[in-house]
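Asker: Protein sequences appear in the order of chains A and B. Position one of the first sequence corresponds to residue 1 (this note's numbering), numbered consecutively onward. Position one of the second sequence corresponds to residue 1 (this note's numbering), numbered consecutively onward.
Just so you know, the hints here were simulated from the structure itself, not pulled from any lab data. Mixed in with the good hints there might be a few duds.
As a list, the in silico DSBU-like pairs of lysine-lysine whose alpha-carbon atoms are at most 30 Å apart [as the list claims (entries may be wrong)]:
id, chain 1, residue 1, chain 2, residue 2
1, A, K207, A, K293
2, A, K31, B, K252
3, B, K262, A, K89
4, B, K47, B, K79
5, A, K135, B, K244
6, B, K252, A, K135
7, A, K135, A, K89
8, A, K135, B, K249
9, A, K112, B, K79
10, A, K135, B, K124
11, A, K135, B, K24
12, B, K139, B, K24
13, A, K111, B, K252
14, B, K139, A, K135
15, A, K111, B, K24
16, A, K31, B, K244
17, A, K135, B, K262
18, B, K249, A, K31
19, B, K79, A, K135
20, B, K139, B, K262
One-sided and incomplete, this derived list gives chain B residues near chain A with beta-carbon spacing under 7 Å [what the hints assert, rightly or not]:
id, residue
21, Y233
22, K252
23, K262
Source: prediction; values computed, not measured. Ideal Cβ placement from N, Cα and C applies to all residues, glycine included.
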Amino acid sequence: MKVNGIAIDDTFAEAFGMAGTGVIITADTMKWARIAAVTMSGFGTSVIGAGAEVGIDRELSPDETPDGRPGVRVLLFGFSPESAAAQLKTRVGQCVLTSPGSACYAGVDTKKRIGLGQGPRFFGDGFQTSKRLGKSRYWRVPVMDGEFVIEETTGIVTDAVGGGNILILGNDRVGLLETAEAAVEAIGGVADVITPFPGGIVRSGSKVGSKYAGAIASTNDAFCPTLRGRVKSELAPDTIAVLEIVIDGLTSDSVAQAMKVGMKTVLDMGAPKGVTRITAGNYGGKLGQYHYKLRELLP
Amino acid sequence: MSGLTFRANSAPSERLNLSHLTPKRIAELSQSELMALNVGTTTKTLKLGDVFTVSGSAGDSVRIEGATNRMDFVGSDLKEGTVIVEGDVGLSAGRNLRGGRLDIRGDAGALLGSGISGGEILVKGSAGSLVGGLSPGDKFGMTGGLIAIEGDAGDRAGDRMRRGTIYVRGRCGSFAGSRMVGGTIWTELGFGTDPGMLLRRGTLIGPSVERMLPTFADAGDHDIVILRILSRYMASVLGAAAPKALPGKVRKFAGDLATIGKGELLITS
Numbered sequence: 001m002k003v004n005g006i007a008i009d010d011t012f013a014e015a016f017g018m019a020g021t022g023v024i025i026t027a028d029t030m031k032w033a034r035i036a037a038v039t040m041s042g043f044g045t046s047v048i049g050a051g052a053e054v055g056i057d058r059e060l061s062p063d064e065t066p067d068g069r070p071g072v073r074v075l076l077f078g079f080s081p082e083s084a085a086a087q088l089k090t091r092v093g094q095c096v097l098t099s100p101g102s103a104c105y106a107g108v109d110t111k112k113r114i115g116l117g118q119g120p121r122f123f124g125d126g127f128q129t130s131k132r133l134g135k136s137r138y139w140r141v142p143v144m145d146g147e148f149v150i151e152e153t154t155g156i157v158t159d160a161v162g163g164g165n166i167l168i169l170g171n172d173r174v175g176l177l178e179t180a181e182a183a184v185e186a187i188g189g190v191a192d193v194i195t196p197f198p199g200g201i202v203r204s205g206s207k208v209g210s211k212y213a214g215a216i217a218s219t220n221d222a223f224c225p226t227l228r229g230r231v232k233s234e235l236a237p238d239t240i241a242v243l244e245i246v247i248d249g250l251t252s253d254s255v256a257q258a259m260k261v262g263m264k265t266v267l268d269m270g271a272p273k274g275v276t277r278i279t280a281g282n283y284g285g286k287l288g289q290y291h292y293k294l295r296e297l298l299p
Numbered sequence: 001m002s003g004l005t006f007r008a009n010s011a012p013s014e015r016l017n018l019s020h021l022t023p024k025r026i027a028e029l030s031q032s033e034l035m036a037l038n039v040g041t042t043t044k045t046l047k048l049g050d051v052f053t054v055s056g057s058a059g060d061s062v063r064i065e066g067a068t069n070r071m072d073f074v075g076s077d078l079k080e081g082t083v084i085v086e087g088d089v090g091l092s093a094g095r096n097l098r099g100g101r102l103d104i105r106g107d108a109g110a111l112l113g114s115g116i117s118g119g120e121i122l123v124k125g126s127a128g129s130l131v132g133g134l135s136p137g138d139k140f141g142m143t144g145g146l147i148a149i150e151g152d153a154g155d156r157a158g159d160r161m162r163r164g165t166i167y168v169r170g171r172c173g174s175f176a177g178s179r180m181v182g183g184t185i186w187t188e189l190g191f192g193t194d195p196g197m198l199l200r201r202g203t204l205i206g207p208s209v210e211r212m213l214p215t216f217a218d219a220g221d222h223d224i225v226i227l228r229i230l231s232r233y234m235a236s237v238l239g240a241a242a243p244k245a246l247p248g249k250v251r252k253f254a255g256d257l258a259t260i261g262k263g264e265l266l267i268t269s
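Between the sequences and the hints, there should be enough to build the whole structure, so can you do that?
Answerer: Okay, here's the thing in structure tokens:
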């Protein structure tokens with residue numbers, strides 16, 4: 001099946017259940033809210049190696065934040081609520097508490113809660129105070145530029161989805177990257193999702209296992225163009241590069257919507273940029289409980 | 001919003017205890033049981049039907065018309081729904097309120113909102129002493145919720161208050177926030193003498209203080225983020241009746257240093 005000259009495989013992306021949470025980071029300016037958010041998201045690419053998958057969902061106007069300052073919503077996904085909470089605690093403590101002018105609030109509103117300010121508040125060494133307004137409790141931790149305000153808890157979604165994906169194949173590496181960048185930007189407009197890898201794009205897709213003992217994942221040789229001829233390749237002779245966009249979302253619908261938006265962008269602009277094919281990563285459907293069939297997500 | 005309306009026939013001959021008149025409680029009563037409720041406070045049994053004419057049908061609100069300052073415990077233990085009072089109320093209105101809204105369209109007596117832990121109390125007029133304060137036998141004053149007073153508040157507002165917010169569009173009397181262990185008191189027209197006496201934690205906000213205790217330390221001018229959240233919280237609860245947002249910078253005085261000193265008095269002008 002081809003759309004706009006781009007082949008779409010009859011396959012599906014296989015995704016996994018995850019625990020997802022979120023925070024709203026505010027600061028005096030959007031620049032500093034973003035700096036804190038980007039720092040907190042650093043080394044948050046794959047839950048396997050980084051402990052959590054973290055990224056910016058979207059920027060928030062002053063009207064949308066609890067304190068009326070510019071803000072950024074960051075989402076964090078982990079294997080379990082406990083591992084997500086542990087990652088949240090260290091990342092907020094090291095990257096948001098330390099950022100000038102920052103404050104940190106719940107970014108997900110669910111009945112089930114995990115600690116947000118319960119750890120960082122102890123940085124106050126007994127000088128911290130709290131204030132409960134309505135249903136929310138805020139900690140005020142004295143720091144050198146004033147006070148770091150942090151909400152006590154945030155929500156956690158236990159049926160979030162990690163690992164939605166599309167693979168973009170083509171014969172022009174630069175054009176492929178430009179297309180993938182545009183797709184990531186379009187996905188940025190979908191609420192409740194993140195693309196956790198660098199710039200939202202992965203060039204090192206992996207397969208399960210390795211010839212080396214102890215390595216749980218290794219390079220996806222079937223999709224490595226330079227190995228064509230040596231391995232059972234999945235690539236056509238003219239394919240010289242493959243890029244993957246991995247999507248995590250608080251809901252299955254949001255992941256499906258993000259894949260749809262991403263595919264539409266690739267199909268709209270990809271052909272002149274050298275894109276020849278779209279496929280998706282899966283493990284035969286036996287590992288992940290969420291399957292997103294590409295052809296059902298066509299615009 | 002549907003509910004029963006209780007109209008006072010005449011000025012009561014004794015102080016009344018109207019703690020029974022919440023939507024949930026009266027919904028559990030038949031008409032005859034309702035009219036036979038003892039609302040008196042003396043050995044002479046005074047039935048509700050002797051004092052009030054009742055109209056309407058049970059619902060999520062109660063309306064009391066012709067109220068006077070001899071009617072005590074109005075809206076007491078309210079958990080949900082609304083109690084609207086046309087007129088004044090006496091002692092301990094909204095005592096131990098846990099949810100819902102008590103809307104008093106007159107003045108309130110002493111101990112307004114004593115022991116409340118949730119919900120809102122709105123007063124169109126002024127309130128007496130010990131707003132949200134400690135009642136004898138209690139461990140703390142208010143522990144949550146919001147009390148908003150359009151007029152003035154008497155002395156010792158928020159006495160031994162632990163959580164929640166008291167907003168006074170007028171002026172607070174003397175010793176506001178005495179023995180307070182948490183929460184917020186915000187006055188638009190300033191505090192009387194010695195606010196925050198033995199304040200342990202909590203926030204007092206106002207444009208002026210008639211006389212400051214010597215046990216409060218000047219901590220300088222600051223842009224305090226929590227005040228932005230407070231302003232937004234008030235707007236979310238009170239809507240158009242919410243106060244103007246607090247200024248970016250306030251002068252902070254830390255105290256009461258005669259205790260643990262983790263409280264603060266914030267001067268807005």
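Asker: Now look at each hint and say whether the structure bears it out.
Answerer: We went through each hint and held it up to the structure:
1. A:K207 x A:K293: At roughly 20 Å apart (the allowed maximum being 30 Å), K293 of chain A and K207 of chain A satisfy the hint.
2. A:K31 x B:K252: holds (28 Å)
3. B:K262 x A:K89: Holds. K262 of chain B to K89 of chain A sits at ~25 Å (cutoff 30 Å).
4. B:K47 x B:K79: Roughly 24 Å separates the two Cα atoms, so the pair holds.
5. A:K135 x B:K244: holds (22 Å)
6. B:K252 x A:K135: At roughly 26 Å apart (the allowed maximum being 30 Å), K135 of chain A and K252 of chain B satisfy the hint.
7. A:K135 x A:K89: OK: K135 of chain A and K89 of chain A at ~21 Å, within 30 Å.
8. A:K135 x B:K249: Distance of about 26 Å is within 30 Å: holds.
9. A:K112 x B:K79: holds (24 Å)
10. A:K135 x B:K124: holds (25 Å)
11. A:K135 x B:K24: This hinted pair holds, its Cα atoms lying about 23 Å apart.
12. B:K139 x B:K24: Since the Cα atoms of K139 of chain B and K24 of chain B sit roughly 27 Å apart, the hinted pair holds (cutoff 30 Å).
13. A:K111 x B:K252: violated (36 Å)
14. B:K139 x A:K135: OK: K139 of chain B and K135 of chain A at ~22 Å, within 30 Å.
15. A:K111 x B:K24: holds (26 Å)
16. A:K31 x B:K244: Roughly 28 Å between the alpha carbons, so the hint for K31 of chain A and K244 of chain B holds.
17. A:K135 x B:K262: holds (22 Å)
18. B:K249 x A:K31: Judged against 30 Å, a Cα distance of about 22 Å means the pair holds.
19. B:K79 x A:K135: holds (16 Å)
20. B:K139 x B:K262: Answer holds: K139 of chain B to K262 of chain B is near 20 Å, not above 30 Å.
21. Y233: Where the cut-off is 7 Å and the nearest Cβ of chain A is about 4 Å from Y233 of chain B, the hint holds.
22. K252: violated (10 Å)
23. K262: At 6 Å from the nearest chain A Cβ, K262 of chain B passes the 7 Å test, so the hint holds.
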